[in-house]
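Enquirer: The residues making up each chain are set out below.
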Amino acid sequence: MTKIISKAGSYNQKVVKCFKNPKNYGQIKNPDGVGEVGNPVCGDVMKLYIKVAKNKKGEEIVKDIKFETFGCVAAIATSSILTQIAKGKTLKEALKIDNKKIIKSLGGLPPIKVHCSVLAANALKKAIGDYYSRNDSKKNE
Amino acid sequence: MSKNIYLDYASTTPVDPRVVKAMLPFFSKKFGNTMSLHSFGQEAQQVLEESRIVVADLMKAEPNEIVFTGSATESNNLALKGIAFANKSKGKHIIISSIEHDCIIESSKWLEKQGFEITKLPVDQYGLINPEDIKKSIKKETILVSIIHGSNEIGTIQPIEQIGKICREKGVCFHTDASQSFGKIPIDVKKMNIDLLSASSHKMYGPKGIACLFVKEGTKIEPILHGGGQELRLRSSTINVSGIVGFAQACRICQKEIQKEGKKMIKLRDKLISVVLKKIPNSYLNGHPKKRLPNNANFRFDFIEGESIVIQLDLLGIAVSTGSACSSAKLEPSHVLLATGLKHEQAHGSLRVSLGRWTTKKDINYFLKVLPLIIKKLRKISPFKKND
Ligand code: FES
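Residue numbers (our numbering), protein chains in the order written: chain U, 1 to 141; chain R, 1001 to 1388.
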């Protein structure tokens, strides 16, 4: 992997681009699932909102996804890329997105910033988990 | 679209072209070793002593009280460890503040392991030390008080003269780290009752790799570098003549321009501070509003993180710095900001803007134009309250 030392610290250009023009940030009104995680390393916070729908095959998919992040460049870039990867995926596929995949799609992160990508992966798992538990309780009603 | 605006002079400064010019002959033409007996060496020796006078002058010291070192970190290490080891038969107690530079904090931790006792004094919300606390903390075994003059982060200037007076009365050695203040505000080691003072060349438009420690005549101190016995046996190493010539030239320029430059800087700084606080909601000034270095402004913005601000600004060609945990190698927020009572998440949104010799009104205006937009954008991404 070649690392382009851009003007912005030790981040590569893809990371900088995602940070500069993040996609899918903000809130979703009446979300089907919300995942909020705090970064135990530096104290940052990430919040993920998802809307779930069914595809033609009847599988549940991430129809819409938005993030809010209080954190560094890497945290914002990983949040943005995560929403891009997850959007349109079935929940099953989405649950498989881990931080390695996120880092790979960004073309690498400085080692000290790997923990920020874990935050993003966990937020998605939590949001989907939240969706499942809401549904379960609905079913049980 | 991208500019080139440097607002991080507290980190390091460009070398003044007048300094470069003074240094040039000392690389290939006048390259002698001060320890040599021949004329090459003697020429170097002479220029070394001339430079010493110039550096001493700027702090009203005597030339034989200046020890050239390789960095302010080295000067601070020499001050702490040198005094500690030379005076340990008298006592093993050292007083510092909680907002010292890392090199003082780390040296103290190391000395603690060697059996010394360290007292770290708190500061108030502005980063000020209460001299009374020093008075109360000095005991029979105290051998050194080391307090930073102007804070490298929040810019707060300590009541050095008062602290010096207390130490003198109690017969305790007083060291101050003046890396950020030397050349920017007048210093008089005699009037201020200072026994040791660290100063650095690259913070005042001189080259990197050269600094000094003022050691008042008669002070008991041990070297930490042993060898050829240069610098009054306090700092063995071949003399960095070109660096010292540059340092001295930088001092000459500051000597001449310190008043004018200080005034200009304070005007720009105060404008910067007032406009930022006015234009940006939930923004605050870190450090003291008045008792601060002429070129330092340190802000904090709620709900967002400093590294993100720094990189957004960098993408627009503006260089500043932050004390946020995310930006530090240890992933911990600045100990200075925490010492002023800030919470982690408050320290997170901090931004240090430091001006210098070549900062213009235009630079500041541009910065003031783009900063509010960046803050707004990042707050939009943040999960916290954003009443912009
Ligand atoms: S969020 Fe703090 S280091 Fe990335």
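Honestly, I wouldn't trust all of these hints.
Stated by the list, open to error - Per the computed footprint, the stretches of chain U lying under chain R, defined by three or more beta-carbons under 8 Å from a beta-carbon of chain R, are:
| # | stretch |
| --- | --- |
| 1 | 11-24 |
| 2 | 40-47 |
To be verified - Pair by pair, the computed Cβ-Cβ distance ranges are:
| # | chain 1 | residue 1 | chain 2 | residue 2 | range |
| --- | --- | --- | --- | --- | --- |
| 3 | U | G38 | R | K1380 | 31 to 37 Å |
| 4 | R | K1271 | U | S133 | 52 to 58 Å |
| 5 | R | N1365 | U | I112 | 44 to 50 Å |
| 6 | R | K1362 | U | P110 | 29 to 35 Å |
| 7 | U | K54 | R | T1012 | 55 to 61 Å |
| 8 | R | W1110 | U | P110 | 25 to 31 Å |
| 9 | R | I1053 | U | P110 | 45 to 51 Å |
Hints listed in this document are in silico derivations from the structure and should not be mistaken for laboratory results. Even glycine gets a Cβ: it sits at the ideal position worked out from N, Cα and C.
Enquirer: None of the hints should be skipped; say for each whether it holds.
Expert: Hint check results:
1. Requiring three or more residues with a Cβ within less than 8 Å of a Cβ of chain R, the coverage given for the stretch 11-24 of chain U holds, as 5 such residues are present.
2. Counting residues of the stretch 40-47 of chain U whose beta-carbon sits less than 8 Å from any beta-carbon of chain R gives 7, enough to reach three: the coverage restraint holds.
3. Separated by about 20 Å at the C-beta atoms, U/G38 and R/K1380 break the suggested range of 31 to 37 Å.
4. Taken as a hint, the range 52 to 58 Å holds for the pair R/K1271 and U/S133, whose Cβ atoms sit roughly 54 Å apart.
5. A hinted range of 44 to 50 Å is violated for the C-beta pair R/N1365 and U/I112, which are about 35 Å apart.
6. Judged by the Cβ atoms, the range 29 to 35 Å given for R/K1362 and U/P110 holds: they are separated by roughly 34 Å.
7. Evaluation of the 55 to 61 Å hint for U/K54 and R/T1012 yields a pass: the beta carbon distance comes to about 59 Å.
8. For R/W1110 and U/P110, the Cβ-Cβ distance of about 29 Å falls inside the hinted range of 25 to 31 Å, so the restraint holds.
9. Taken as a hint, the range 45 to 51 Å holds for the pair R/I1053 and U/P110, whose Cβ atoms sit roughly 47 Å apart.
Checked against the numbered hints listed earlier, the structure breaks hints 3, 5; every other hint is satisfied.
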